[in-house]
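The chain contents come next:
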Amino acid sequence: MSLRSFKPRRFYPVLPVLILAIVSHIGYYGGSRLENDSLHHLAAILFGPLYFVAVALGPGYVFTRMSLNGENLAQRLAGSLFVPFVWMTKEVLLLTQSFPISQALYFYFSPIHFWLILFAVFQMGIATLIARLILKMKGDDLRIITRPPLFVIAGSLASVISLYAWGKGENIYVIYLAFYRVLFGSGI
Amino acid sequence: MNQNNLFDTSMNRRDALKTMGKAAMAGAMLSTVPGMGEAALSNSDDRPNIIYILGDNHNADTMEFCGHPFIKTPGLNRLAKEGVHMVNTFNTTSLCTPSRASILTGAYCHTHGVKNNHMPWTGNMPTFLEHMSDSGYATAFIGKWHMPGDGLPKFDYLDLFVSYTYREGQGAYFNCPMVVNGKEVASRKPYITEEVIDYAIDFMKDTLSQSKPKPFCLYLSHRPGHPPYQAPKDIDGMYDDADAKSYLPKNVDFWFGRSRQNAYQGYMMGSYYNQYRGYLETLTAMDRDIDRLLDELDNLGLRDNTIVVYMGDNGQMWGQHNCQSIKEPYEESAKLPLIVRAPGYIDEPGTRRGQMALNIDIAPTLLEMAGISKPANMDGESFVPILQNKAVRGRDAFLMEFWRYFPENTPSYVGVRTDRYKYIEFERGRDPWLFDLMNDPKEMNNIYGMAEGQGVLPQMLAHLARLNKNNAKFK
Chain A
511 MSLRSFKPRR FYPVLPVLIL AIVSHIGYYG GSRLENDSLH HLAAILFGPL
561 YFVAVALGPG YVFTRMSLNG ENLAQRLAGS LFVPFVWMTK EVLLLTQSFP
611 ISQALYFYFS PIHFWLILFA VFQMGIATLI ARLILKMKGD DLRIITRPPL
661 FVIAGSLASV ISLYAWGKGE NIYVIYLAFY RVLFGSGI
Chain B
-1 MNQNNLFDTS MNRRDALKTM GKAAMAGAML STVPGMGEAA LSNSDDRPNI
49 IYILGDNHNA DTMEFCGHPF IKTPGLNRLA KEGVHMVNTF NTTSLCTPSR
99 ASILTGAYCH THGVKNNHMP WTGNMPTFLE HMSDSGYATA FIGKWHMPGD
149 GLPKFDYLDL FVSYTYREGQ GAYFNCPMVV NGKEVASRKP YITEEVIDYA
199 IDFMKDTLSQ SKPKPFCLYL SHRPGHPPYQ APKDIDGMYD DADAKSYLPK
249 NVDFWFGRSR QNAYQGYMMG SYYNQYRGYL ETLTAMDRDI DRLLDELDNL
299 GLRDNTIVVY MGDNGQMWGQ HNCQSIKEPY EESAKLPLIV RAPGYIDEPG
349 TRRGQMALNI DIAPTLLEMA GISKPANMDG ESFVPILQNK AVRGRDAFLM
399 EFWRYFPENT PSYVGVRTDR YKYIEFERGR DPWLFDLMND PKEMNNIYGM
449 AEGQGVLPQM LAHLARLNKN NAKFK
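Protein sequences, first through last, are from chains A and B. FYI, this note's numbering numbers position 24 of the first sequence as 534, with every residue one higher than the one before it. FYI, this note's numbering numbers position 55 of the second sequence as 53, with every residue one higher than the one before it.
Hints in this document: simulated from the structure, not taken from any laboratory. Glycine included, each C-beta is placed from N, C-alpha and C at the ideal position. Relax, there's no trap hidden among the hints.
According to the in silico footprint, chain B covers these stretches of chain A (three or more CB under 8 Å from chain B): (1) 542 to 552; (2) 616 to 630.
25 Å max Cα-Cα, derived DSS-like pairs, lysine-lysine: (3) B:Lys70 with B:Lys231; (4) A:Lys678 with B:Lys231; (5) B:Lys243 with B:Lys231; (6) B:Lys203 with B:Lys181; (7) B:Lys440 with B:Lys248; (8) A:Lys678 with B:Lys187.
The shape of chain A in the complex, shown without the other chains:
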């Protein structure tokens, strides 16, 4: 994607997800400061899941919308991963409260972030099929089921599940920390 071909309007599908993430973030953390216990829990029940939906499930929505708009794969990838990347960056910036920037940057490779990206890739496979189905219903002549999205769905889903199932996520975390020590020693 060249700089000249970049047109902000192409990324409009990202906006509702980004707004939902910001509103639910404010709603959830603001709610936890409420003195009224019932209101606090109400805010948590409402905004906690919405926040999760925006960050973890937003990529599927964005990828579908951008596929329907005819954007190319690079644009769809960039649009879908934008909100997760913003969220990951927020986490990295938080870590700079305690760590130098070099170590904080390694936090991008946290297993949780890895899991989030894999889950987004899984949704992209599903979104591809949904977009094709919608386009076919609108009269486009195309095949809905092809090998690439099926491979993407199967591979990413298997990775998401196995990464957690393998020692309840503890094993991948151990590997992550082992690489950290290779790079930074004890980090002090």
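Take the given structure of chain A and dock chain B to it, following the hints.
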């Protein structure tokens, strides 16, 4: 190296410290026990057996006898009823690996050098088990070692070394591969606490079966209290109906385990309340096996000549101050459960002591109970006088130190706690803390920079300068 020459220039720091420790130990024993000769050091004797039991991330209030509304800890209740509960016990570095190194060496982290969970055992200082072994004790380390490095260290002085390296030494709750005296073997029992207690009981029986039984010192280190929480089948779900929501702080909610970076600490799955219930279930599983060990001591007739100590490596915050943490310098992280059952040392079993005790006090305390004087390089102090007499004055202050540990978002800090105040300086990202623990026990009002705080600050800085001897903050 000439083992007998203190001034041999080829001697490294650790050997020098060990040699000085041995000299001090032998000198103390010979001077305090009239007529005691060198041979007596290795003979069987009537010194007490010692069992030191370590829990993991065990919050100091999370025991039934402390008034917790639903956890069941009959084993620890029994220990407290027959011993003394030290209610003001703290770690000097609130993190697993450094705290464990401090327990073993009796020294602050800046002395022994193990500063966070990424640093392997330095071996700079001998462990109290080595001093015990040198003085004629049969010694065993059984359970969680939890210091990184290439496998387990070699401790030739141990009669039995049972641990695990699986998952960086965190082990597994079920079917954890064990390493017994350097050899990897399969787990004999499915659940980890059953497995390590079985090894402990075997070690006691084996020691007693010798023709000249030595007193034994057993270090028994548990995994329960550490996520991901898994309890044995008959305990799993035991607290499903418990009202965790009412017990945990009001700021906590269902999603708390996924917010505030708590997901990175293994608290993402399920509700936060269920995570807490799972934590309690693992502690109850550990307690059951501690109870079994106490029964076995009775069966073997060892009860009246065996000191049993239970302690945690660090505390755990469950939502207090919006934290799910073991590292923040709040009381919930720094405070440790400590129970001591010591027949012959305690006149009033079932009582409490309010003097401040520390993780670094364990080594000198157990050495004193074994008739071994404290090596000069230990920072801790024996709390035997406090056990014997509740009126004895305790320490006035101690050093709190912490080095950042990736990826946990707590900056390095150093500070000091007295019986009334706590002062903390952070390396980055936060202003200093100063809390008046008498008027503000929940540490809600930072008085640093306020008029009240200004009056106290000079004395806290003086304590800090005295305790932080090398003044190498955060390095």
